[in-house]
Amino acid sequence: MKNALYTLAYIGLCLFLGKLINYTVSGLPASLYGMVIYCILLQMNFISVIKITKANQWIIRNMGVCFVPAGVGIINHFDLIRNHGFALISIIFFSTFALLTFIGLVSERIFDHKNTIKSSR
Amino acid sequence: MMTNFILLLFTIALYQFVSRCQNKWQFIWLNPMFISIIILIPLLIFINVSYDSYTESIQVLNLLLEPAIVALGFPLYQQLKQIKLHWKKIISLLSLGVILVISISFISATLLINKENIAIALSLKSVTTPIGITLTEQLYGDSTITAFAIMIAGLLGALLGPAWLNFIHVRSAIAQGIAIGAASHVIGTAVLAKISAEHAAYSSMALISTALLTAIISPVLIPALIHYMYP
Numbered sequence: 000m001k002n003a004l005y006t007l008a009y010i011g012l013c014l015f016l017g018k019l020i021n022y023t024v025s026g027l028p029a030s031l032y033g034m035v036i037y038c039i040l041l042q043m044n045f046i047s048v049i050k051i052t053k054a055n056q057w058i059i060r061n062m063g064v065c066f067v068p069a070g071v072g073i074i075n076h077f078d079l080i081r082n083h084g085f086a087l088i089s090i091i092f093f094s095t096f097a098l099l100t101f102i103g104l105v106s107e108r109i110f111d112h113k114n115t116i117k118s119s120r
Numbered sequence: 000m001m002t003n004f005i006l007l008l009f010t011i012a013l014y015q016f017v018s019r020c021q022n023k024w025q026f027i028w029l030n031p032m033f034i035s036i037i038i039l040i041p042l043l044i045f046i047n048v049s050y051d052s053y054t055e056s057i058q059v060l061n062l063l064l065e066p067a068i069v070a071l072g073f074p075l076y077q078q079l080k081q082i083k084l085h086w087k088k089i090i091s092l093l094s095l096g097v098i099l100v101i102s103i104s105f106i107s108a109t110l111l112i113n114k115e116n117i118a119i120a121l122s123l124k125s126v127t128t129p130i131g132i133t134l135t136e137q138l139y140g141d142s143t144i145t146a147f148a149i150m151i152a153g154l155l156g157a158l159l160g161p162a163w164l165n166f167i168h169v170r171s172a173i174a175q176g177i178a179i180g181a182a183s184h185v186i187g188t189a190v191l192a193k194i195s196a197e198h199a200a201y202s203s204m205a206l207i208s209t210a211l212l213t214a215i216i217s218p219v220l221i222p223a224l225i226h227y228m229y230p
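If you're matching them up, the sequences are chains D and W in order.
Going by numbering that gives the first Met the number 0, the first residue of the first sequence is number 0, and it counts up by one from there.
Going by numbering that gives the first Met the number 0, the first residue of the second sequence is number 0, and it counts up by one from there.
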């Protein structure tokens with residue numbers, strides 16, 4: 000419980016710093032600045048890795064639920080889907096898979112992944 | 000007030016329930032995000048709740064979205080050493096990827112739909128929502144379409160990405176992570192994070208870099224495409 004609060008407090012702090020950066024220099028969204036700051040503070044040992052591990056893993060396992068509302072938002076686009084649905088979906092489908100395939104195949108070739116393959120299993 | 004609370008509770012319970020089922024049976028299509036969405040849409044229409052009042056009831060989830068993204072800094076930290084070794088290659092590869100996806104989307108949208116604002120919106124669908132929308136508005140595209148396209152691209156990569164990459168023999172954590180982070184941003188990363196911390200780390204790294212690179216490349220590339228395709 001104590002560690003969970005510790006984790007939340009630091010995530011909150013990083014998000015706040017992210018918001019400050021976003022407010023002053025804009026560019027990336029606040030949450031992405033926050034992610035980078037969180038990573039840096041962990042690297043500097045400013046945040047204790049041992050204390051945050053458990054709560055952080057729990058957050059990552061369950062974060063998908065936060066994206067459900069955005070997906071339900073498709074409800075508001077029925078008109079758009081009726082008019083251009085097929086073309087829209089095929090363009091999104093095709094270009095997303097082209098990108099996945101391109102990046103996937105090239106990175107599979109250019110990275111020496113002998114040392115990474117073990118931990119992925 | 001009561002309905003608001005019930006909708007919120009129902010969304011969380013539904014997600015948890017599907018999540019348990021997936022842990023038990025391990026089917027790819029049993030993705031909690033996907034199943035929750037396709038159950039909620041007809042349900043909201045059936046009980047006659049508008050999307051606006053639904054978003055009002057689940058405000059808490061929207062509030063949690065940003066901290067959840069910050070939490071991805073942890074897998075990023077865990078793999079920092081590995082990433083440092085490869086960052087030059089990753090950045091050059093992702094720049095090529097960004098140019099490729101913008102060109103393909105813009106050109107095919109022009110050929111099929113022939114509307115400048117839709118073509119712009121579709122070109123910017125591989126980045127995370129706040130960036131995609133901001134860039135679309137800067138370039139005078141239709142940002143409601145961007146929001147929709149980002150959602151679909153995210154779900155596609157999250158649901159079918161890992162299976163597709165395995166199918167074309169792209170099986171290392173680094174390659175799968177980078178590809179899905181680049182094509183399906185946070186939504187893809189959220190799903191990948193369940194496979195391994197290494198997947199999550201490369202995916203987070205790719206989504207941040209793609210967002211940055213798109214912000215740099217699109218204001219140059221898209222006006223050039225407009226110039227040639229809509230003279």
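It cannot be assumed that every hint is accurate.
[Unchecked claim] Calculated cross-link-like contacts (lysine-lysine; reagent style DSSO-like; alpha-carbon spacing at most 27 angstroms):
| id | chain 1 | residue 1 | chain 2 | residue 2 |
| --- | --- | --- | --- | --- |
| 1 | W | Lys83 | D | Lys53 |
| 2 | W | Lys88 | D | Lys50 |
| 3 | W | Lys80 | W | Lys193 |
| 4 | D | Lys1 | W | Lys83 |
| 5 | D | Lys53 | D | Lys1 |
[To be verified] Derived coverage of chain W by chain D (criterion: at least 3 residues anywhere in the stretch with Cβ under 8 angstroms from a Cβ of chain D; other residues may be distant):
| id | stretch |
| --- | --- |
| 6 | 58-64 |
| 7 | 74-82 |
| 8 | 102-113 |
| 9 | 121-131 |
| 10 | 169-180 |
| 11 | 212-224 |
FYI, nobody ran anything at the bench for these hints, they're computed from the structure.
Glycine included, every Cβ here is placed at the ideal spot set by N, Cα and C.
So, going through the hints one by one against the coordinates:
1. In summary, the hint linking lysine 83(W) to lysine 53(D) is supported, as the alpha carbons are separated by about 25 angstroms, within the 27 angstroms threshold.
2. For the suggested pair lysine 88(W) and lysine 50(D), the alpha carbons sit about 33 angstroms apart, so the restraint of at most 27 angstroms is broken.
3. A C-alpha spacing of about 21 angstroms is found between lysine 80(W) and lysine 193(W), which places the hinted pair at or below 27 angstroms, so the restraint holds.
4. Annotation: proposed proximity of lysine 1(D) to lysine 83(W) is violated, straight-line Cα distance about 33 angstroms (limit 27 angstroms).
5. At most 27 angstroms may separate the alpha-carbon atoms for a hinted pair to count; lysine 53(D) and lysine 1(D) meet this at roughly 12 angstroms.
6. Coverage of a stretch by a chain is defined here by at least three residues with a beta carbon nearer than 8 angstroms to that chain's beta carbons; for the stretch 58-64 of chain W and chain D the count is 4, and the condition holds.
7. Given as covered by chain D, the stretch 74-82 of chain W passes the check, having 5 residues with a CB less than 8 angstroms from a CB of that chain where 3 are the minimum.
8. Only residues whose C-beta sits within less than 8 angstroms of a C-beta in chain D count toward coverage, and the stretch 102-113 of chain W has 6 of them, enough to reach three; the restraint holds.
9. Counting residues of the stretch 121-131 of chain W whose C-beta sits closer than 8 angstroms to any C-beta of chain D gives 7, which meets the bar of three, so the coverage hint holds.
10. With a threshold of 8 angstroms between beta carbons, the proposed coverage of the stretch 169-180 of chain W by chain D holds, since 10 of its residues qualify and at least three are required.
11. Evaluation of the coverage hint for the stretch 212-224 of chain W: breached, as 1 residues show C-beta separations to chain D shorter than 8 angstroms, against a requirement of three.
When held up to the earlier numbered hints, the structure conflicts with 2, 4, 11 and fits the remainder.
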